[in-house]
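Colleague: Sequence:
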Amino acid sequence: MAGIYLNENPNIENIIKKHHLQDDPVNNARREKVKEAMLHAWNSYVTYAWGQDELQPQLKSGLNSFGGLGATLVDSLDTLYIMGLKEEFKKARDWVAESLDFDKDYEASVFETIIRVVGGLLSAYDLSADKIFLEKARDITDRLLPAWDTSSGIPYNRINLAQGKASNPGWNGGNSILADSGTEQLEFITLSQRTGDQKYQQKVENVIRQFQKIFPSDGLLPININPHSGAVKSYSKITFGSMGDSFYEYLLKVWIQGNKTESVKHYRQMWETSMEGLISLTRKTSPSNFYYVCEKNGDSLSEKMDELACFVPGMLALGASGYRLEKAEKIMNLAEELAWTCYNFYQSTPTKLAGENYYFHGGQDMVVGTSWNILRPETIESLMYVWRLTGNETYQDWGWDIFEAFEKNSRIESGYVGLKDVSSHHHQYSFHHIKCSNFI
Numbered sequence: 003m004a005g006i007y008l009n010e011n012p013n014i015e016n017i018i019k020k021h022h023l024q025d026d027p028v029n030n031a032r033r034e035k036v037k038e039a040m041l042h043a044w045n046s047y048v049t050y051a052w053g054q055d056e057l058q059p060q061l062k063s064g065l066n067s068f069g070g071l072g073a074t075l076v077d078s079l080d081t082l083y084i085m086g087l088k089e090e091f092k093k094a095r096d097w098v099a100e101s102l103d104f105d106k107d108y109e110a111s112v113f114e115t116i117i118r119v120v121g122g123l124l125s126a127y128d129l130s131a132d133k134i135f136l137e138k139a140r141d142i143t144d145r146l147l148p149a150w151d152t153s154s155g156i157p158y159n160r161i162n163l164a165q166g167k168a169s170n171p172g173w174n175g176g177n178s179i180l181a182d183s184g185t186e187q188l189e190f191i192t193l194s195q196r197t198g199d200q201k202y203q204q205k206v207e208n209v210i211r212q213f214q215k216i217f218p219s220d221g222l223l224p225i226n227i228n229p230h231s232g233a234v235k236s237y238s239k240i241t242f243g244s245m246g247d248s249f250y251e252y253l254l255k256v257w258i259q260g261n262k263t264e265s266v267k268h269y270r271q272m273w274e275t276s277m278e279g280l281i282s283l284t285r286k287t288s289p290s291n292f293y294y295v296c297e298k299n300g301d302s303l304s305e306k307m308d309e310l311a312c313f314v315p316g317m318l319a320l321g322a323s324g325y326r327l328e329k330a331e332k333i334m335n336l337a338e339e340l341a342w343t344c345y346n347f348y349q350s351t352p353t354k355l356a357g358e359n360y361y362f363h364g365g366q367d368m369v370v371g372t373s374w375n376i377l378r379p380e381t382i383e384s385l386m387y388v389w390r391l392t393g394n395e396t397y398q399d400w401g402w403d404i405f406e407a408f409e410k411n412s413r414i415e416s417g418y419v420g421l422k423d424v425s426s427h428h429h430q431y432s433f434h435h436i437k438c439s440n441f442i
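Residue 442 is where the sequence shown ends in the numbering used here, and the numbering goes up by one at each step.
Worth flagging that the hints you see were computed from the coordinates, not collected in a lab. Keep in mind the model is a prediction, meaning the values are calculated, not measured. Possibly wrong hints are sitting among the right ones.
Unchecked claim - The list that follows gives simulated cross-link-like pairs (lysine-lysine, DSSO-like), each with its CA atoms no further than 30 Å apart: (1) K239 x K329; (2) K298 x K329; (3) K88 x K133; (4) K267 x K235; (5) K329 x K286; (6) K62 x K35.
Said to hold, decoys possible - Just the calculated beta-carbon pair ranges, DEER-fashion: (7) Q204 x N174: 23 to 31 Å; (8) R285 x V28: 33 to 41 Å; (9) K215 x N45: 48 to 56 Å; (10) T263 x N45: 42 to 50 Å; (11) S63 x A164: 19 to 27 Å; (12) N66 x T392: 37 to 45 Å; (13) N66 x P218: 38 to 46 Å.
From the three backbone atoms N, C-alpha and C, an ideal C-beta is built for every residue, glycine too.
Given only the sequences and the hints, what does the whole structure look like? Please build it.
Modeller: So this is what it looks like as C-alpha cells:
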C-alpha cells in the first residue's frame with residue numbers, strides 16, 4: 003500500500019537519524035541483513051528483469067504484468083533511497099528519465115497503477131527533490147483521469163493508457179470495486195500539492211462526496227458500486243480483505259496527511275464510523291482467544307479473514323490517538339489483539355509463513371483456507387506501526403521472525419518466490435515483492 007505523504011517535503015535525514023538513536027548491536031545486525039536481502043532481490047531484478055514489471059525468479063526472466071511500466075523498479079525507488087543505496091537509486095532514476103514510457107496500448111488497472119507507479123514516483127520525488135519523478139507522475143496520472151468521467155464521479159477501474167478508454171471488467175458485472183475506486187486520495191492530493199494543479203484533488207474529493215451520500219450507519223460499504231448511479235450493490239460482500247481493505251485505510255491516512263485539520267475532518271468521521279462497523283464484525287475464538295474480523299454477505303457473516311486484512315492492526319494503532327483516552331485504549335488493545343492473530347497466521351504453519359486466508363469455523367481456532375503465500379507485507383507493516391506506537395519490542399521481534407521465515411523458505415539464488423502451500427516447502431509463485439523490506 004501507499005505511504006502517508008506529508009504536506010511539505012520532510013527532512014528525511016533527520017527522520018532516519020531519529021529512529022537510529024536507540025541503535026544496539028542486535029538492531030544493527032538485523033538492519034544489515036534486511037539491506038542485504040533488499041540487495042539480493044534488487045540485483046536479481048536488475049540481472050533478469052531490468053525495466054520490466056516483475057521478476058520471475060525461477061524462470062530468470064521478467065514479466066510485464068502491469069503493461070510494461072517498470073512497476074518493480076518504480077515501486078522500489080523509495081526503499082533504495084532510504085537504505086542509502088545511491089548507485090542503485092541513480093541507475094533506477096536514469097531508467098525512469100530515459101526509458102519510462104506510458105504510451106501503452108494496454109488495459110491498465112487504475113488502482114495498481116496509482117499505488118505502484120504514481121505512489122512510487124511521488125515518494126521518490128519527495129525524498130530526492132528530483133523533478134523528473136514529478137513530471138512522470140503527472141504524465142501517467144493525466145492518462146488515468148478519463149477513468150473518472152462517469153455520471154457519479156466514481157471511477158472505472160481499468161483504462162487503456164494509449165487510447166484513454168476506460169471500462170470495468172465484465173466479471174464484476176460492470177461494477178466498480180470499493181478499494182479500487184476509493185484508494186487514490188493520498189496520491190492525487192499529493193500531486194495537486196506538488197504541482198499546484200487542483201484537478202487531481204478535485205477528482206478524488208468528488209468520489210468521497212459520493213461515498214458520503216451512500217455511507218451507511220455502520221460505515222461498512224459493500225465492495226461493488228455502480229459507477230453510473232453511484233449506488234452500491236446492496237448484497238455484495240463487505241470485507242476488510244480483498245477489494246475492500248484500502249478504502250478504510252485511506253480514510254485515516256488522508257486525515258493524517260491533512261494534518262488532522264478541519265478540512266479533512268470528514269475523513270476521520272467516516273473512518274470512526276467504519277471502525278464501529280469493524281468492531282461489530284470482530285469475534286474471538288475458542289480455546290485460544292484469537293480476535294478476528296469476519297466478512298459479511300448480505301445478512302450473513304462469514305468467519306473468514308484474509309491476510310490482506312492484517313493491515314487493520316496497524317491502521318487501528320495509527321488512529322487510536324485521535325480518540326479520547328478510554329476509547330483510545332480500547333482501540334489500541336484491539337490493534338494488539340489482532341496483531342497477535344496475524345502473527346499467528348504465520349506461526350501456525352510448518353513454514354512459519356501465512357496462507358492467503360483463514361477460517362474460524364464456529365468460532366474455533368484458525369484453519370488455513372487458501373494455502374499459498376505471495377510475500378504480502380500487511381502483517382509486517384502492522385507490526386512496525388504497533389511497535390513504534392507502543393514501544394513494545396515484542397512486535398519488532400515478531401516482524402523479525404517473519405523476515406527469517408521468508409529468508410528460509412522463499413529465497414532462492416535468483417530472488418524471492420512465493421509458496422504454493424505454506425504447509426510444505428514447494429515453490430510455485432514467481433512473485434517479487436520488495437515492499438516487505440520497508441517495514442522490517
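Colleague: Against each hint, give a clear statement of whether it holds in the structure.
Modeller: Hints versus structure:
no.	hint	verdict
1	K239 x K329	holds, 28 Å
2	K298 x K329	holds, 25 Å
3	K88 x K133	holds, 17 Å
4	K267 x K235	holds, 27 Å
5	K329 x K286	holds, 20 Å
6	K62 x K35	holds, 23 Å
7	Q204 x N174: 23 to 31 Å	holds, 26 Å
8	R285 x V28: 33 to 41 Å	holds, 37 Å
9	K215 x N45: 48 to 56 Å	holds, 50 Å
10	T263 x N45: 42 to 50 Å	holds, 44 Å
11	S63 x A164: 19 to 27 Å	holds, 25 Å
12	N66 x T392: 37 to 45 Å	holds, 42 Å
13	N66 x P218: 38 to 46 Å	holds, 40 Å
Checked against the numbered hints above, the structure breaks none of them.
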